[in-house]
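Peer 1: In case you want the letters, here they are:
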Amino acid sequence: MKNTLSSLATCLIVFGAINFSWGADPKAEAKRMLTLRATAEKVRAYLQESAEVNEKQNDAVSTMLSKEMLKQVEKFRSKKDGQSPGRDWLSGWKLKELEKSVDGAWEWAKEQSPLPVNRADVIKRATKNWSKDAQAKVGQFADKSMKAVYDKARRLAADEQLRSLKQKLNYPSKDDLNKRISGLIGGNKNRWSPLNSKDFGKLDGWLKTVVGNAGPVFEELNKEVAKMSSNLRLELGNQYQAQYKSIQQMVEKNGFPKELITKEQLKAHALNLLKENTSENLAAKPPRYGVFSAMENLVENAAAHWEVKRMEIFAKARSDWLPMKDQLEQAIRGDLAKHAPLEDSLNVLTEKFLSPANEKLASLYGGKQWATYFKEALAEQDVLRKNVTNQFRSALKERIKPIREKIAGEQFATHFSMLNEKVFPEEPIIMYFYQKGKKSVTDFNELADGLNFPAPERPSIIEETRLLAGDRANRAMVPALSSMDKQVGLVREVEKKKIDQLKVEAEQGRPFAEILREWDKDWGTLWNGAKQKVSERWRSKFNHIDKLLNKGVRQFYDGMQPSSNSTPQDTVAVKEDELGEEQEDTPNESVPVENEQPEQEDENEKSEQESLQGMCEELKLYIGLADGVFAFSDLPDGRCRMLFGTPDGVGAFSVKFDPQQVEVAANQISGSLKKPLGLVLDGNARMGGNRILQLFQGEYQGPEIKMLFKVSTPAVRHQMSILVRQQVEEAIEAWAKKSGRKAPDLIWQDDVEL
Amino acid sequence: MSGRSGGSSNLQALDDLIHGKKKNSLSLSPNDALVQIALPLVLILAIITRLMVIEYTEAMRNKGPRVLEMWKQQLILRMDTVMNKWEKQAELGAFPDFSRVQWKGAFPVDERFKSLCARAQEMDNRKNLEDDIYNQALAYTPPIEDEESASFFVPVYDPDAKYQPKNADKISDEFVINEERRAYAMRHIADRVSKWKEQVEGLQWAAVAQCADKMPLNALGGSPDKISTQLTRVASEMNKRGYPLMNSVVEEYGKLDE
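Here the protein sequences come in this chain order: A and B.
Going letter by letter, the first sequence gives residues 1 to 754 in our numbering.
Going letter by letter, the second sequence gives residues 1 to 258 in our numbering.
Since the hints were derived computationally from the structure, they do not count as laboratory data.
Careful, some of the hints might be misleading.
Just a few of them, taken from the derived set where beta-carbon distance is under 7 Å, the chain A residues facing chain B [stated by the list, open to error]:
{"id": "1", "residue": "27"}
{"id": "2", "residue": "33"}
{"id": "3", "residue": "37"}
{"id": "4", "residue": "509"}
In the EDC-like style, the derived pairs of lysine to aspartate or glutamate whose C-alpha atoms are separated by at most 16 Å in a straight line are [stated by the list, open to error]:
{"id": "5", "chain 1": "A", "residue 1": "27", "chain 2": "B", "residue 2": "252"}
{"id": "6", "chain 1": "A", "residue 1": "124", "chain 2": "B", "residue 2": "251"}
{"id": "7", "chain 1": "B", "residue 1": "214", "chain 2": "A", "residue 2": "107"}
{"id": "8", "chain 1": "A", "residue 1": "27", "chain 2": "B", "residue 2": "201"}
{"id": "9", "chain 1": "B", "residue 1": "214", "chain 2": "A", "residue 2": "29"}
{"id": "10", "chain 1": "A", "residue 1": "27", "chain 2": "B", "residue 2": "97"}
{"id": "11", "chain 1": "A", "residue 1": "27", "chain 2": "B", "residue 2": "198"}
{"id": "12", "chain 1": "B", "residue 1": "226", "chain 2": "A", "residue 2": "682"}
{"id": "13", "chain 1": "A", "residue 1": "27", "chain 2": "B", "residue 2": "251"}
{"id": "14", "chain 1": "B", "residue 1": "197", "chain 2": "A", "residue 2": "88"}
{"id": "15", "chain 1": "A", "residue 1": "27", "chain 2": "B", "residue 2": "213"}
{"id": "16", "chain 1": "A", "residue 1": "737", "chain 2": "A", "residue 2": "682"}
{"id": "17", "chain 1": "B", "residue 1": "226", "chain 2": "A", "residue 2": "111"}
Remember, it's a predicted structure, so these values are computed and weren't measured experimentally.
Glycine included, each C-beta is placed from N, C-alpha and C at the ideal position.
Turn these sequences into a full structure, and let the hints guide you.
Peer 2: The following block contains the structure:
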């Protein structure tokens, strides 16, 4: 092997030497070198020639670029976004051109030189770094020529695309179009109102792609394509409108023949008409699409609508499907308690008579052929059933109205004829409502209570009777209560006015009767000025006013009488057994009595009883105003008195305190308040539920307790209200914890008169 | 390994020879036969052929009678003396090949080459040069001090030549150059001048190649389509530096004024 290689090498060397001696031709080599120089200078000239595209070159390059754009429309769609790929293409093109020129020069060199010329030698001789210089040249060319070439190329490409779009203008297929138009109706498949031009506008985006059918288009053509698609959209809208117009009368105005009653009949009729008036030619340009499936859907929905509506119209026009009047009267009189409220009566009657009425209606409307169909429709079709039921109730309401009015007249005459009498209402009845804080009668049971109407008979009194009785009662009751309110108001006015004088007169020992007369006279004077504003019938003084005046004078008079023999108790409480409450194990704890004096027990007890009686009377003034009252007033000795209790007397007690020491007084009040407030809360909790149920129809918001802080003395300041309120809140919390009940919301009402 | 196996093979051959066994002459593979026999054979044949060509050429050159006629001897002696002198003056003998030319950068820096280029200009008008050499040969008289050489020279006379000797009538007819003899003399000169020209052209083309290779490209590009322009540019640059090129070189692609 070694010998073989050495032989081969020797061979080659000898051959090379021979060839060298034979073939060394300096002239050929010189010619090769000269050719190489000439070619290199040629190549260098390509790199040095102008980078700007000339007009002739621009035409050619723009045309080529436009073809490239048409191949890649998505890339060049936007003029701005297409610049980058456009520049890249231009650079690439220029580089190829440069390479082509080099190749051409090289070919020329090969022809000229007697010896072989290497391409790499040409490039190497022309420039040190061909790729760098070529790229720079290409970049320079792209920069300088971009605007001229790119703009022209876009124009050419857009023109070509538009021409192509116009030539290949596409129309959507019938199936596609039907899907799209049906899609415009949206999720509501029962819609039967027609689409408008605005609805068709939603097809624009899709139509653009269908019309173009070439995918993306250059942005310069957006308007043109939009125009083409909008023309098609208008055409589609016109075809749709033309179809709708042919059935518009039926769809909108129930223009179907009378004898057609089922939705299938209505639909078939409308579709026949629609097809007669709508031609189809899918080969035409633009195509005539025939009846749109959306239109068929509309017809179907309209048929379903009119099937129901036409039956309703029939039902409204006829009354022979409704129950007879005597049947209704018999049913109502058969169970007045069930029919007392009108709404209940309608429910009962509907339940009883609707089914046979529907059956009759189906029979009357559908005849023998369609009676079962409509009977089933009334049972199964929600809309039809609901509308016919409403119609039935409406007709029933009208039909039973005279029947119920007749019964109401009868019941009124039987049970409430006294309301028509001139003497109604007598003062006790007025007082009954006044003490409840009423200004009119608002509730039948309230009226019945006031009239002592027997409770068992009340349920059978129908709604109309109740309204009639209330109305009649209020005719007299409203002015009477107004007069009572004004007269009582004047008593309060007199009390305020005369209280200071009464203090002096009581100390001077003026007789009670004399003072009362003076008070009565003053009241009379005030009333004479005010009574013009009340109804004539109620201008005379109520007996209740005399009692109030008497009580007022007595209360203040007794309170201001000096009592030298007895030591006044600071706290006096009402005995619980008198108040109807359960006896506590340790009554003394809950009814604090200060400065107790056992020696004078009998005398004090008598005085205490009188005082408590007075307190209860005084608390009655606040009936209807609050659940608990704190009433503050002056005492002759410069101290103040606080009276606490409910308007019906529960937990009543009074405390005397020094108004100058607010906190001491508040603590004193707090200590005394604990037990009585508990009684009030207990009582309120027991009564609360019933009271709420009777008075309010609205939603129950939870327990409440309303406290009135009534101040009739300048010595008690607002601070006292705040302190007492805090004590009450704490006491309520403590009571809630202890009793396990929910703490009621405290509604605190300050009423400072002075 | 191959040595060991080769040794073993030789021993085996020796053993075979002693025992009179037949040697297997086809032990080589075809590839080995090609490389070890055919290729050296071809090589040897090529060398022999070349040597034969050289010998033949030399033989042709030396063809002729061994003893020349007297007029021929005189003419050749005189012409060779003049042409040797020309060669010497032109420094032609200093440049058997281009590698002898001194070079710096893109251009030659060689006084002898400069001299050669300048002298070679005479060859642009060969007729003049050859006539001039002929007349110089007729007129040649050896230096007086070289008596030995002078004894070889006999005056020759060409009645149509530019040079006319003073004592032409005394010259024997044997040394009178007639038309035929002059033609012979002119052929002899032309052969030698052709060799000069060939040698100088070779040197100048090589110089052109080297200049073209080393010279920077024209920054402005010139007229790159014409290779003649490139040659003119090279010639011009060499001329500027005292190395004029022969017309036969410069006008390779046509006359300069065309």
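Peer 1: Each hint needs a verdict: does it hold in this structure or not?
Peer 2: Hint check:
The beta carbon of residue 27 of chain A comes within 4 Å of a beta carbon in chain B, closer than 7 Å, and the hint placing it at the interface holds. Annotation: interface hint on residue 33 of chain A holds; nearest CB of chain B at approximately 4 Å, less than 7 Å. At about 5 Å, the closest approach between the beta carbon of residue 37 of chain A and any beta carbon in chain B falls short of 7 Å, and the interface hint on this residue holds. With 7 Å as the threshold, the beta carbon of residue 509 of chain A stays out of range of chain B, its nearest partner Cβ sitting at about 146 Å, so the hint is violated.
This hinted pair checks out: residue 27 of chain A and residue 252 of chain B have alpha carbons roughly 10 Å apart, not beyond 16 Å. Among the hinted pairs, residue 124 of chain A with residue 251 of chain B is inconsistent with the structure: their alpha-carbon atoms are about 29 Å apart, more than 16 Å. The straight-line distance between the Cα atoms of residue 214 of chain B and residue 107 of chain A is roughly 23 Å, outside the 16 Å bound, and the hint therefore fails. About 8 Å separates the Cα atoms of residue 27 of chain A and residue 201 of chain B, which keeps this hinted pair within 16 Å; it holds.
Annotation: proposed proximity of residue 214 of chain B to residue 29 of chain A holds, straight-line Cα distance about 14 Å (limit 16 Å). For the proposed pair residue 27 of chain A and residue 97 of chain B, the alpha carbon gap of about 14 Å is at most 16 Å, so the pair holds. With a C-alpha separation of about 11 Å, the suggested pairing of residue 27 of chain A with residue 198 of chain B holds against the 16 Å cut-off. Proposed proximity of residue 226 of chain B and residue 682 of chain A is contradicted: the alpha carbons are some 129 Å apart, above 16 Å.
Restraint check for residue 27 of chain A and residue 251 of chain B: the C-alpha separation of about 13 Å stays at or below 16 Å, so the hint holds. A threshold of 16 Å between alpha carbons decides the hint, and for residue 197 of chain B with residue 88 of chain A the separation of about 59 Å lies outside it, so the pair is violated. Restraint check for residue 27 of chain A and residue 213 of chain B: the C-alpha separation of about 13 Å stays at or below 16 Å, so the hint holds. The hinted pair formed by residue 737 of chain A and residue 682 of chain A meets the criterion: a straight-line CA distance of about 13 Å does not exceed 16 Å.
As the CA atoms of residue 226 of chain B and residue 111 of chain A are separated by approximately 13 Å, the hinted pair is consistent with the 16 Å bound.
Figure legend: structure checked against the earlier numbered hints; hints not met, in rising order: 4, 6, 7, 12 and 14.
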